[in-house]
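Student: Same order as they appear, the protein sequences are chains A and B. Just so you know, my numbering puts 174 at position 118 of the first sequence, and the rest follows in order with no gaps. Just so you know, my numbering puts 185 at position 129 of the second sequence, and the rest follows in order with no gaps.
In case anyone wonders, no lab produced these hints; they're calculated from the structure. Wrong hints could be hidden among the right ones.
No copy is singled out in the list; a pair is fine if it fits within one copy or between any two copies.
[Said to hold, decoys possible] Computed list of lysine-lysine pairs in DSS-like fashion (alpha-carbon distance at most 30 Å, straight line):
| # | residue 1 | residue 2 |
| --- | --- | --- |
| 1 | Lys-132 | Lys-88 |
| 2 | Lys-80 | Lys-304 |
| 3 | Lys-487 | Lys-275 |
| 4 | Lys-473 | Lys-455 |
| 5 | Lys-118 | Lys-80 |
| 6 | Lys-410 | Lys-473 |
| 7 | Lys-276 | Lys-414 |
| 8 | Lys-276 | Lys-364 |
| 9 | Lys-531 | Lys-427 |
| 10 | Lys-80 | Lys-132 |
Next come the chains, spelled out residue by residue.
Number of protein chains: 2
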Amino acid sequence: MAEKLLPREKGFSEWYVDLVLKAKLADYSDVKGCMVIRPNGYALWENMQRILDKMFKDLGHKNAYFPLLIPESYLKKEAEHVEGFNPQLAVVTHAGGAKLEEPLVIRPTSETIINRSFAKWIQSYRDLPLLINQWANVMRWEMRTRLFLRTTEFLWQEGHTCHETEADAEKETLQMLEVYRTFAEDYMAMPVLPGRKSETERFAGALRTYSIEAMMQDKKALQAGTSHNLGQNFAKAFDTQFQGRDGKQHHVWQTSWGVSTRLIGGLIMTHSDDAGLVVPPRLAPTHVVLIPITGKASDAEKTQVLEKTHAVAADLRRAGLSVLVDDDDTKSPGFKYNEHEVVGTCLRVELGPKDLAKDSCVMVRRDVRQKEFVPLAQAVEKAKAMLDAMQADMFAKAKAFRDANTFEVNSYEELTKRSEDGFMLAHWCEKPACETKVKNDVAATTRCRPFNLKQEPGKCVVCGDASPGRIVFSKAY
Amino acid sequence: MAEKLLPREKGFSEWYVDLVLKAKLADYSDVKGCMVIRPNGYALWENMQRILDKMFKDLGHKNAYFPLLIPESYLKKEAEHVEGFNPQLAVVTHAGGAKLEEPLVIRPTSETIINRSFAKWIQSYRDLPLLINQWANVMRWEMRTRLFLRTTEFLWQEGHTCHETEADAEKETLQMLEVYRTFAEDYMAMPVLPGRKSETERFAGALRTYSIEAMMQDKKALQAGTSHNLGQNFAKAFDTQFQGRDGKQHHVWQTSWGVSTRLIGGLIMTHSDDAGLVVPPRLAPTHVVLIPITGKASDAEKTQVLEKTHAVAADLRRAGLSVLVDDDDTKSPGFKYNEHEVVGTCLRVELGPKDLAKDSCVMVRRDVRQKEFVPLAQAVEKAKAMLDAMQADMFAKAKAFRDANTFEVNSYEELTKRSEDGFMLAHWCEKPACETKVKNDVAATTRCRPFNLKQEPGKCVVCGDASPGRIVFSKAY
Ligand SMILES: [Zn+2]
Ligand SMILES: [Zn+2]
Numbered sequence: 057m058a059e060k061l062l063p064r065e066k067g068f069s070e071w072y073v074d075l076v077l078k079a080k081l082a083d084y085s086d087v088k089g090c091m092v093i094r095p096n097g098y099a100l101w102e103n104m105q106r107i108l109d110k111m112f113k114d115l116g117h118k119n120a121y122f123p124l125l126i127p128e129s130y131l132k133k134e135a136e137h138v139e140g141f142n143p144q145l146a147v148v149t150h151a152g153g154a155k156l157e158e159p160l161v162i163r164p165t166s167e168t169i170i171n172r173s174f175a176k177w178i179q180s181y182r183d184l185p186l187l188i189n190q191w192a193n194v195m196r197w198e199m200r201t202r203l204f205l206r207t208t209e210f211l212w213q214e215g216h217t218c219h220e221t222e223a224d225a226e227k228e229t230l231q232m233l234e235v236y237r238t239f240a241e242d243y244m245a246m247p248v249l250p251g252r253k254s255e256t257e258r259f260a261g262a263l264r265t266y267s268i269e270a271m272m273q274d275k276k277a278l279q280a281g282t283s284h285n286l287g288q289n290f291a292k293a294f295d296t297q298f299q300g301r302d303g304k305q306h307h308v309w310q311t312s313w314g315v316s317t318r319l320i321g322g323l324i325m326t327h328s329d330d331a332g333l334v335v336p337p338r339l340a341p342t343h344v345v346l347i348p349i350t351g352k353a354s355d356a357e358k359t360q361v362l363e364k365t366h367a368v369a370a371d372l373r374r375a376g377l378s379v380l381v382d383d384d385d386t387k388s389p390g391f392k393y394n395e396h397e398v399v400g401t402c403l404r405v406e407l408g409p410k411d412l413a414k415d416s417c418v419m420v421r422r423d424v425r426q427k428e429f430v431p432l433a434q435a436v437e438k439a440k441a442m443l444d445a446m447q448a449d450m451f452a453k454a455k456a457f458r459d460a461n462t463f464e465v466n467s468y469e470e471l472t473k474r475s476e477d478g479f480m481l482a483h484w485c486e487k488p489a490c491e492t493k494v495k496n497d498v499a500a501t502t503r504c505r506p507f508n509l510k511q512e513p514g515k516c517v518v519c520g521d522a523s524p525g526r527i528v529f530s531k532a533y
Numbered sequence: 057m058a059e060k061l062l063p064r065e066k067g068f069s070e071w072y073v074d075l076v077l078k079a080k081l082a083d084y085s086d087v088k089g090c091m092v093i094r095p096n097g098y099a100l101w102e103n104m105q106r107i108l109d110k111m112f113k114d115l116g117h118k119n120a121y122f123p124l125l126i127p128e129s130y131l132k133k134e135a136e137h138v139e140g141f142n143p144q145l146a147v148v149t150h151a152g153g154a155k156l157e158e159p160l161v162i163r164p165t166s167e168t169i170i171n172r173s174f175a176k177w178i179q180s181y182r183d184l185p186l187l188i189n190q191w192a193n194v195m196r197w198e199m200r201t202r203l204f205l206r207t208t209e210f211l212w213q214e215g216h217t218c219h220e221t222e223a224d225a226e227k228e229t230l231q232m233l234e235v236y237r238t239f240a241e242d243y244m245a246m247p248v249l250p251g252r253k254s255e256t257e258r259f260a261g262a263l264r265t266y267s268i269e270a271m272m273q274d275k276k277a278l279q280a281g282t283s284h285n286l287g288q289n290f291a292k293a294f295d296t297q298f299q300g301r302d303g304k305q306h307h308v309w310q311t312s313w314g315v316s317t318r319l320i321g322g323l324i325m326t327h328s329d330d331a332g333l334v335v336p337p338r339l340a341p342t343h344v345v346l347i348p349i350t351g352k353a354s355d356a357e358k359t360q361v362l363e364k365t366h367a368v369a370a371d372l373r374r375a376g377l378s379v380l381v382d383d384d385d386t387k388s389p390g391f392k393y394n395e396h397e398v399v400g401t402c403l404r405v406e407l408g409p410k411d412l413a414k415d416s417c418v419m420v421r422r423d424v425r426q427k428e429f430v431p432l433a434q435a436v437e438k439a440k441a442m443l444d445a446m447q448a449d450m451f452a453k454a455k456a457f458r459d460a461n462t463f464e465v466n467s468y469e470e471l472t473k474r475s476e477d478g479f480m481l482a483h484w485c486e487k488p489a490c491e492t493k494v495k496n497d498v499a500a501t502t503r504c505r506p507f508n509l510k511q512e513p514g515k516c517v518v519c520g521d522a523s524p525g526r527i528v529f530s531k532a533y
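Bound conformation, chain A alone:
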């Protein structure tokens, strides 16, 4: 029998890392902070990519690929931006056996190198909007890393768009945030708060940054995606201009937006349990595993069971599901149950001679882990219904948890006392000093000002100055 996972109550972080390793999602490498994404983890990323890529393309975005290495001088062109990244850069100083004249940095993000191309490609308003996306690896040298959540190298997509007007850029910025919200909620079954980040938390070089914020099972926030209105900052630094409808030259208005393999960390911490990974069916690499129970069966019974198991598997595959049959004789059913719970197969189907005699089978949903006896004639229909229910229930459960742990705080004492309890909705005067105080005192930060939170004036819980409305304070990953 495989070794049991550490339970969550013994330490959420330890449980997380143990699960990532035992479910074979990722592994450490000898390169500081760089992980190996194993097939089980990469299959989740492939599903995420496929769905997001279609959503982007349906809105007119096209994929392209820009160089990994960026001349150091490019990063210095947009001054605020480089300050944000300077301590995180990995630098190539030698290549082809010689020292380079100018060092090259491995992209921490691609605004600068992409603008160098955009400046060449864009001449007129007819070239706008220019809607580009890139799937790529990026690198940010991190001191403290954690598998998927914060790694030196990670995989992501970065959208980069150019528009004629500030309004068009703002519209795109919000549209892509909405794409991320839809993806997080409808596919990952992970409820999120879309909203605007504070000035302190804004992407260096952007006018405005928006994010979606999710709550993990330890009640900490995870920033799951960001969308930036870059204004004309990069356009001015790289002189990305177009001839407008008025015949004059203008700098383009830009956006950028991204999600990364960090989402896999969010997926795990939202849904998984002490038995292992739980994956919503719409993202699952394997929907169903069928396990024939033949331990005490006669040869004739065994043949019958195996035949029927494979027949049901074929029916399920024809219905569009991803299906495995685990008929390895050298492992016990219990061992297999455990294995498939660890890796998060959505639905388990057990089929033995007794079941067959009753023309039925046993189905067990990974999230609730309750046995249901299902007539074989209804196997396909029932499997599909159970997967649909699982998708909906997982979202509802996560949302109920998030809502139960979201509350108003109306004094600084309350804020400091309840900083471990979840999302705190508190009045804040918008001064960075008050954010810093909270951060220093209880390590909580402003997450975002949620769009759907009614804004009414009040008084900052930190300093008592006027506040335009409540914002979410929380500890965060």
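Chain A is already provided as a structure; the job is to place chain B with the ligands on it using the hints.
Tutor: Using the frame of chain A, we list chain B with the ligands on its own:
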């Protein structure tokens, strides 16, 4: 009207670069030897990826992702292998604001870092075969670069597999070469010779290297894919062992195989013409462009033509084709014809009031560029038939060209005289010295010993020593 392409007869290399830039497939960057893959080029790569990825997965391979950076010491473990790459490495010496203790190289290929993981993951013969593929960027510092064909950074897939026996590894090596042959011929419409490379051309660290070799329109060879039987070289260097069925420890037997964005260069040089890109339908991002002809039409006619054009487009889309309607009023039909010929849209449909009066339209295949009048009622059926014919004809044409320019040479004089004429089938004694002489004298190299070339003994055309059979000599990219 857009600027005309340079014709091939004015210089094949100049034509190639001009086409890549004008069809917006790729662009230069300021980083030496690194290109920007523009949306038109990246769409080709995405189609190649999708098809190959399915072929790999159907054979049981799974995708994973390994770190970009490799500790320098890893590369030194497999001595022959590091020698092959040493002058091509890009080296990160600084990161996170400090000098690294050990320099990290950007992967030129991932055998070493992957073996570090394999050694941890593999314990028993039950873990074999281990069939992994990675889609990634890699970097080899090149002195002379050319868009897609030879760039410092390129995109590729690298398969890495582990097996119990040498025979299993050889079987996998040849199976993946056959996958590449199928992809090249059935999808790219590019005939290739699969065969074994000479010792000189073998991948450093491999026991045996196989390749598929294509002929470009300038009669030069392009190595389009390679598959290596690595034997136990890396397994021994990284101590990748398993407990065998005999209870004893054994080193695994390994393979690696890859194709890259170089294939896009091969696609262009196989099929394209003086009007621009020609893409086989099975890889084309856009199958059909419909161009309404409304220049001299009345308003009523114009409305009718546009309605009908969009109706036909909808029918074609329902049939699974990728379809554009180019109804931009500010461009003339001639301008649009030219534009879509440059970017390689497979089929052009023209529809004007005169056509509509006859319930017909005009269809033009990109490769042969001949007008066909097609009744509107047969538009879908005819479009599909024309695309199928185009796919088949493109392969047949490329194959006829390759065969017409493949010939036997029986003396060194003949070999040196005809070195520009295509694939030379010549007897060779298998001594590297004879390959070197040919390379120095006429810049031709051995490409591969094709599997389908009957091997009969003879005398080396260079030195007169005994030869086991003919091999392909050719100039190559
Ligand atoms: Zn305040
Ligand atoms: Zn010889």
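Student: Checking Lys-487 and Lys-275: alpha-carbon separation at most 30 Å within a copy, between copies, both or neither?
Tutor: within (25 Å within a copy, 69 Å between copies)
Student: How do Lys-276 and Lys-414 come out at 30 Å by Cα distance, when the copy is not named: within, between, both, or neither?
Tutor: Answer is neither: 48 Å inside a copy and 69 Å across each miss the 30 Å cutoff.
Student: Reference check for the pair Lys-132 and Lys-88, CA-CA at most 30 Å: within, between, both, or neither?
Tutor: both (26 Å within a copy, 19 Å between copies)
Student: Check Lys-276 against Lys-364 for me: Cα-Cα at most 30 Å, and say if that holds within a copy, between copies, both or neither.
Tutor: Close neither inside one copy (46 Å) nor across copies (57 Å); limit 30 Å.
Student: At most 30 Å between alpha carbons: which applies to Lys-410 and Lys-473, within, between, both or neither?
Tutor: Result: close neither inside a copy nor across copies, 57 Å intra and 80 Å inter.
Student: Up to 30 Å between alpha-carbons, please classify Lys-118 paired with Lys-80: within, between, both or neither.
Tutor: For Lys-118 and Lys-80, the Cα distance is within 30 Å only across copies (13 Å; inside one copy 33 Å).
Student: Go through the copies and call it for Lys-473 and Lys-455: within, between, both or neither, with a Cα cutoff of 30 Å.
Tutor: within (24 Å within a copy, 77 Å between copies)
Student: Between Lys-80 and Lys-132, at a C-alpha cutoff of 30 Å, which is it: within one copy, between copies, both, or neither?
Tutor: Close across copies (29 Å), not inside one copy (40 Å); limit 30 Å.
Student: Pop the pair Lys-531 and Lys-427 into one bin, within, between, both or neither, using alpha-carbon distances up to 30 Å.
Tutor: neither (38 Å within a copy, 67 Å between copies)
Student: At most 30 Å between alpha carbons: which applies to Lys-80 and Lys-304, within, between, both or neither?
Tutor: The answer is between: 26 Å across copies meets 30 Å, while 57 Å in one copy does not.
Taken one by one, the earlier hints fail for this structure at numbers 6, 7, 8 and 9, listed in ascending order.
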